[in-house]
Structure formats: C-alpha cells, structure tokens
Amino acid sequence: MSVGVAAAVPSAGAWRARVRRGRRTHHERSLGDALTDLYMLLWMAVVYGGALVASIHRHLQEPSRFLGATAERYWIGVAVLLAAAGLAWRGLRAVGPLLATAAEQAWGVSTPIDRRAWLLPRFTWIALASGLATALLAFAVAVLGLHSPTLGWVALGGGVWGVTGVAASVVAQGVGERRGWPRLPGAVLLGLGGLTAAVVVTSHYTGGELPRPMLPPGRALLGVGIVAAVASVVLAFRALPQLDLVSLGSGAQLAAAAATATIGMDPSVLSGVLEVRRWRRVGKVRSRPFRSIFPGRISVLLQAELRRQVRRPGALGAWAALGLVQYAVAIVAPAAAGVVHVVIAYLATNRLTGGLRTLSRSPGLRRALGGDESRVRLTHLVVPTLGLAAWWVMTWPAAGAHVPFADLLMTLCVVAAAYRAATKPPMSYGGAVMETPLGLFPIELVVQLARGPDLLAVAILIHAVAIH
Amino acid sequence: MDALTVRGLLRKFGSHVVLDHVDLTVPVGKIAVVLGPNGAGKTTLLRCVVGADRPDGGEVLLEGRPLDETDPSIRAALASALDDIDFFPDLSVVEHLELLAFAHGGDADGVAEVVAELGLDPARDQLPATLSSGQRRRLALASCFVRPRKLLVLDEPEQRLDVRGREWLAAQLLRERKAGTAVLMASHDPELIEKVADLRIEIGT
Numbered sequence: 010m011s012v013g014v015a016a017a018v019p020s021a022g023a024w025r026a027r028v029r030r031g032r033r034t035h036h037e038r039s040l041g042d043a044l045t046d047l048y049m050l051l052w053m054a055v056v057y058g059g060a061l062v063a064s065i066h067r068h069l070q071e072p073s074r075f076l077g078a079t080a081e082r083y084w085i086g087v088a089v090l091l092a093a094a095g096l097a098w099r100g101l102r103a104v105g106p107l108l109a110t111a112a113e114q115a116w117g118v119s120t121p122i123d124r125r126a127w128l129l130p131r132f133t134w135i136a137l138a139s140g141l142a143t144a145l146l147a148f149a150v151a152v153l154g155l156h157s158p159t160l161g162w163v164a165l166g167g168g169v170w171g172v173t174g175v176a177a178s179v180v181a182q183g184v185g186e187r188r189g190w191p192r193l194p195g196a197v198l199l200g201l202g203g204l205t206a207a208v209v210v211t212s213h214y215t216g217g218e219l220p221r222p223m224l225p226p227g228r229a230l231l232g233v234g235i236v237a238a239v240a241s242v243v244l245a246f247r248a249l250p251q252l253d254l255v256s257l258g259s260g261a262q263l264a265a266a267a268a269t270a271t272i273g274m275d276p277s278v279l280s281g282v283l284e285v286r287r288w289r290r291v292g293k294v295r296s297r298p299f300r301s302i303f304p305g306r307i308s309v310l311l312q313a314e315l316r317r318q319v320r321r322p323g324a325l326g327a328w329a330a331l332g333l334v335q336y337a338v339a340i341v342a343p344a345a346a347g348v349v350h351v352v353i354a355y356l357a358t359n360r361l362t363g364g365l366r367t368l369s370r371s372p373g374l375r376r377a378l379g380g381d382e383s384r385v386r387l388t389h390l391v392v393p394t395l396g397l398a399a400w401w402v403m404t405w406p407a408a409g410a411h412v413p414f415a416d417l418l419m420t421l422c423v424v425a426a427a428y429r430a431a432t433k434p435p436m437s438y439g440g441a442v443m444e445t446p447l448g449l450f451p452i453e454l455v456v457q458l459a460r461g462p463d464l465l466a467v468a469i470l471i472h473a474v475a476i477h
Numbered sequence: 035m036d037a038l039t040v041r042g043l044l045r046k047f048g049s050h051v052v053l054d055h056v057d058l059t060v061p062v063g064k065i066a067v068v069l070g071p072n073g074a075g076k077t078t079l080l081r082c083v084v085g086a087d088r089p090d091g092g093e094v095l096l097e098g099r100p101l102d103e104t105d106p107s108i109r110a111a112l113a114s115a116l117d118d119i120d121f122f123p124d125l126s127v128v129e130h131l132e133l134l135a136f137a138h139g140g141d142a143d144g145v146a147e148v149v150a151e152l153g154l155d156p157a158r159d160q161l162p163a164t165l166s167s168g169q170r171r172r173l174a175l176a177s178c179f180v181r182p183r184k185l186l187v188l189d190e191p192e193q194r195l196d197v198r199g200r201e202w203l204a205a206q207l208l209r210e211r212k213a214g215t216a217v218l219m220a221s222h223d224p225e226l227i228e229k230v231a232d233l234r235i236e237i238g239t
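Here the protein sequences line up with chains A and B, keeping their order.
Residue numbering for the first sequence is 10 to 477, as defined by the numbering used here.
Residue numbering for the second sequence is 35 to 239, as defined by the numbering used here.
These are computed hints drawn from the structure, not numbers from a lab.
Hints are supplied without guarantee of correctness; some may be wrong.
What the hints assert, rightly or not - Just a sample of chain A residues kept apart from chain B, beta carbon distances all over 12 angstroms, derived:
#1 23
#2 24
#3 45
#4 46
#5 52
#6 64
#7 142
#8 160
#9 220
#10 254
#11 262
#12 278
#13 319
#14 380
#15 391
#16 444
Claimed, not checked - Just the calculated beta-carbon pair ranges, DEER-fashion:
#17 233(B) <-> 300(A): 45 to 53 angstroms
#18 164(B) <-> 222(A): 55 to 63 angstroms
#19 164(B) <-> 293(A): 41 to 49 angstroms
#20 246(A) <-> 194(B): 41 to 49 angstroms
#21 194(B) <-> 63(A): 55 to 63 angstroms
What the hints assert, rightly or not - Sample of chain B residues lacking proximity to chain A, with all beta carbon distances greater than 12 angstroms (derived):
#22 42
#23 61
#24 63
#25 69
#26 71
#27 93
#28 99
#29 129
#30 156
#31 166
#32 194
#33 197
#34 232
#35 234
#36 236
Predicted model, so just to flag it, every value in this text is computed and none were measured.
Glycine is no exception: its CB is placed at the ideal position from the N, C-alpha and C atoms.
Only chain A is shown next, with the shape it has when bound in the complex:
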C-alpha cells in the first residue's frame, strides 16, 4: 500500500475551498437562501431589540408609584450588566471561544496545515460579531439614559470592549488550565454584580439612599478600550498556533449539544453534557454507608438524594442567588414582585430536582431500583419541596401582597410544576398538528413544551385572583 507524498502542505484556505467544493456537489444552498436567513435575523434583532430597549427606557424613566426609586433601579441595571458580562466570559470560555468540530479535528486540524491560518478567519469573525453586539448593547445603555449625551462614543467604546473580551478569552484558551487567571474575570464580574445587587437590597431595606450611578466618560471608555483591544488582539494572534486539540474540541462538544438542544427544544441534551463535565472535574467522592434510619428503603433514598445535593454546590448557589434576584425585582418593579416571585420560586425549585430528572430519564435506573415507581419518584421530590418551603420563607418580605391560603396553593402548584418538568419524557417530534388560519399548529409539541410551565401558569392565576 503506497501513498503519494507531495512536497508542500496546502494552505488552510485551499483545504477549506476543497471541502466547500465537495459539499456543494451533494447539496445546494443558493446565495438567495443565505441572504433571506440573514434578513430574517436582522429583522428580528431590530424589531424585538428595539421594542425591548424602548420598553426598558420607558420603565426606567417613568416616575411611578408602581416602581422603585430611580437610582436603585439604575444600580440594579448595573448589577445585571456586570453579571451578564461575567456570564458572557464564562460562556466564551466554555465553548472556546474558538472551536473545531469533531469532523474538522479528524480531517483537518490534525493535519500539518498551519493552525494560525486555520483559526484566524474564525477569530476575526467572532471578534467582529462580539464588537458589533457590545456596540449595540452600549448604544442601548446610552439610550436608556445612563450616558445619553455621548451616544456615539459610548457605542464605539462598547464595540472595542467586545473585541477585547473575545481576544482576551482566546488568550485564556491558549493558556488553558495551566494557570488560574482565566477563571478570574468571570468570577470577579459575577461577584461584583452580586455585591452591587446585595448593597442595593441592603440599602433599600435599611432606608439608605444611593446616588445615581455614572459611567466613565465615553471618550475615556473608548481610549482605554482601544489600548486594551489592540494589546489583546496582538496577544490572541500570537496565541492562535498554541491552541491545541483539547481546547478546540471541548468547546465543540458543548456547542454541538447547545445547538441540538436549541433545535430540538430539549435542554436535557445540553444539561447531560454539562453534568458529565461537572462530575469528571469532581472525579472522586468519599463513599459512606447509608443508614437505615427507619424501616424500608425511603430513608436510604433520601440520604442518597441529600448527598447528591451537597455534591452539587453550584445548584445550591443558584438556588440561593435566585433569592437575591427576587429581592432585586421587588425593588425594581414592586408591582410585579408577586408574579415574579412565583416564577423565580419555580426556577429555584428546579435547581434541586437533579435526582428526579436523572431518575426520570433512565428507565434502567428505575428498573434497578425496583418497587413502586411513583413512590420512588415522590421520595425524590422531598428535598425540592423542603427547598421551596425554605426559599419561600426566605423571600417572603420581597414577595409583594400575600394571602396565606393562596400562598399554600401556589407553593403546591410550584412543586407540582417542578415535578412535571423534571419527569418530562424525551421529546417526541411526531404527533398531532392542527390546521389554523395562521398556519399549522403542532399541538403535541406545544403540550410537551408546556409540561411544567402549565401548572406555573395556574399558580400565577391563583396569585392574580387572590390579590384582587
């Protein structure tokens, strides 16, 4: 068996051109199709983004007895921006930001083709897209009144900071896990966001007064941003050849799962990948024997459930952080606090239903556990129920108007909603479709998606009836 060997390895561009040629022979997608998709995306961004900005602007500016103090609302906005930046950094780090699909790794990235040339176009596009998105965000923030006199400068400043964020995350990707600093920006931004929200909440409930926040001048923001962007882009360019298969591949797996989850409207695909990663990081735990506190196996199942919760500190942290979110909402929009309280209670309870979700997704596990399946499932609902009760009491002062009997009914609805969501069977994409004047309506798909939120809607209805 012999293989002809030529002298030169092709360029990344030549490899890509060859793949494109090969693919074109098997399916067709015209320029018109691509432009139509682009038009739809832009149309949705402009219409919905514009509506969102206009509605937030109206909300922030309008002095109303239904809303909290203006300065506090702006400070909560700052906390949200900081937390969003922290989450964006974590998101970028989780997917790469540069990645190569498993097929690209096997048939392209693992060959001697120059890696910088391979990755440079992707880096350029991601940096430009990020710059555009943050420029729009900064523009929106300026329009919302934080810095309206210098709209253009603020937008440009936002753009260069977006480019800086992506370039810095590429540098972090090159560093990998060897050093700890790549984790810092995300942790610091999230911590600052949480701290800001906590200060506002504390100040509000202790009768303190906060001054309205001021952003740094637009030109200064832009000047410092340009220096940071140039430095980080240069460092990222130098880091490109050092990005190894591990860093390019792990993000691809997550991105593929996220895409599948989005297209299939089934977040369990993504959460499954995240779970595996989380437990691989943990690796090993201290195994201890279970004690039979009272006859039967329920006490053992409960102990196992408690251990699982303790081993998921992130879920417990999110459960607690959602309490702070409720207090922040009560300050920003006190009139909506009651309804939002029900929704956030549902989200907090969902954080504690990991055991129930695992059990429901695995027929093998249920068979192995044996016995009455309903009892096993209900046993796994004990911890989420107690968690909801504690959360409800903890956030009671920020939940708006109360009617005790309605509160009891609402918590029961929230627990039932969390149970229904956690025991949702795998998505099925067949089923009945109804023809309506507006087009086809996939009844079964909507029923599946509504499993859980449907009972949440009942809880909101109970709240609405009770307070009127």
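Got chain A; can you put chain B on it based on the hints?
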C-alpha cells in the same frame, strides 16, 4: 532508536488518578500493545499521547522531541484512530480520504488502493450517515493509511471488524512494522495481540 517515549505520565479526573506515572517506550518499527482491564486508563493513555487529552504530569516524546500536537511536524508524523472520530455528513467516503491525503501534502494516488484493501469499494460514494458501524470503523482506520506516518496510535482497532477485516488488520500492522512505523495500540483481541505484538505494556494491574 525509540520512536515514542512516555515518562511519568500522570492523569487525574478531580482526585481520581487514572494514569499514575506511566512509563513506556516504543522503538522504531515495533508494535507495542497496551493491556489492562476495563477502566485501567488505556484509552486515556492513548489520548494523552496523541494530544487529545492533557496529562497532569510527565512527558511524551516523539523521536526525542516533546510530542506537542500544536507543532505541524508532529501532526505530519502522527496518525491515530481513536473512538472519537467524526465525519462531514456531506462528504463521501472517498472524498474524506482524498481530503486527508491532500491536507498532508499528498495526492489521491494511494486512496483507491486503501479503499479496496479495506473493503470500502462498494461504499466509496456513500455519505457517512449511510455507513454501518463496521464501515465507519474501516473508514477511520483508512484515514491512517492514506497519509505519511512515523507513529501510529490505534485504540482497539479490531472493534466492529468482521473476521476478514481482522485478518486484514493484522497483515497491515505487520506491513507497518516492516515499513519502520512505530505502533502503539490498545487491544482486547488475544489472537491479534499474539500475531503482531512486539511489546506488551500492562497498565492498571
């Protein structure tokens, strides 16, 4: 001369140690088979060698140089077929192999021969979604033989191959040895190991 040297390789998942300071060498033109029970870390060892996983300690050398996957000359010398290979859904079997030969600076001259030897001729124009698991395995193996190589790393290459495929695999590995390629592979097939192994490396025992 040693083609591959692994010294003190350490890999942990959290506090769980999978590879505990593994040492091994594979001389040029020799076939080394990694042996061990399930969970011993055979696949993890191979992944660390090819750069698909990052070890927590130790070093991997190819002909005395650090085996750094980001170095194009290392990528030119190292061929591997692990279990994580994937395919472009819209490229045919033969297009995949020609693409890889092209990416290594070669041409399509040897591709037809590899396709024929691996029994992929009837499937040469098929898209990956239509291939059986055995055919996909053969395509993954074929990807190693349409390109130049000094070190070949295979993870249980006999998996999903029929009897004829296993016979071909043994013969091909012996040809690799004759051509001076160093081979590091994990296998659970005693017959294949008996036929081809020059070195047996036990881990996790």
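Evaluated hints:
no., hint, result
1, 23, "violated (8 angstroms)"
2, 24, "violated (6 angstroms)"
3, 45, "holds (21 angstroms)"
4, 46, "holds (18 angstroms)"
5, 52, "holds (29 angstroms)"
6, 64, "holds (42 angstroms)"
7, 142, "holds (29 angstroms)"
8, 160, "holds (43 angstroms)"
9, 220, "holds (46 angstroms)"
10, 254, "violated (5 angstroms)"
11, 262, "violated (9 angstroms)"
12, 278, "holds (17 angstroms)"
13, 319, "holds (15 angstroms)"
14, 380, "holds (30 angstroms)"
15, 391, "holds (28 angstroms)"
16, 444, "holds (32 angstroms)"
17, 233(B) <-> 300(A): 45 to 53 angstroms, "holds (50 angstroms)"
18, 164(B) <-> 222(A): 55 to 63 angstroms, "holds (60 angstroms)"
19, 164(B) <-> 293(A): 41 to 49 angstroms, "holds (42 angstroms)"
20, 246(A) <-> 194(B): 41 to 49 angstroms, "holds (43 angstroms)"
21, 194(B) <-> 63(A): 55 to 63 angstroms, "holds (59 angstroms)"
22, 42, "holds (17 angstroms)"
23, 61, "holds (22 angstroms)"
24, 63, "holds (16 angstroms)"
25, 69, "holds (24 angstroms)"
26, 71, "holds (18 angstroms)"
27, 93, "holds (15 angstroms)"
28, 99, "holds (15 angstroms)"
29, 129, "violated (5 angstroms)"
30, 156, "holds (19 angstroms)"
31, 166, "holds (18 angstroms)"
32, 194, "holds (17 angstroms)"
33, 197, "holds (21 angstroms)"
34, 232, "holds (21 angstroms)"
35, 234, "holds (26 angstroms)"
36, 236, "holds (23 angstroms)"
In summary, the numbered hints that this structure violates are 1, 2, 10, 11 and 29.
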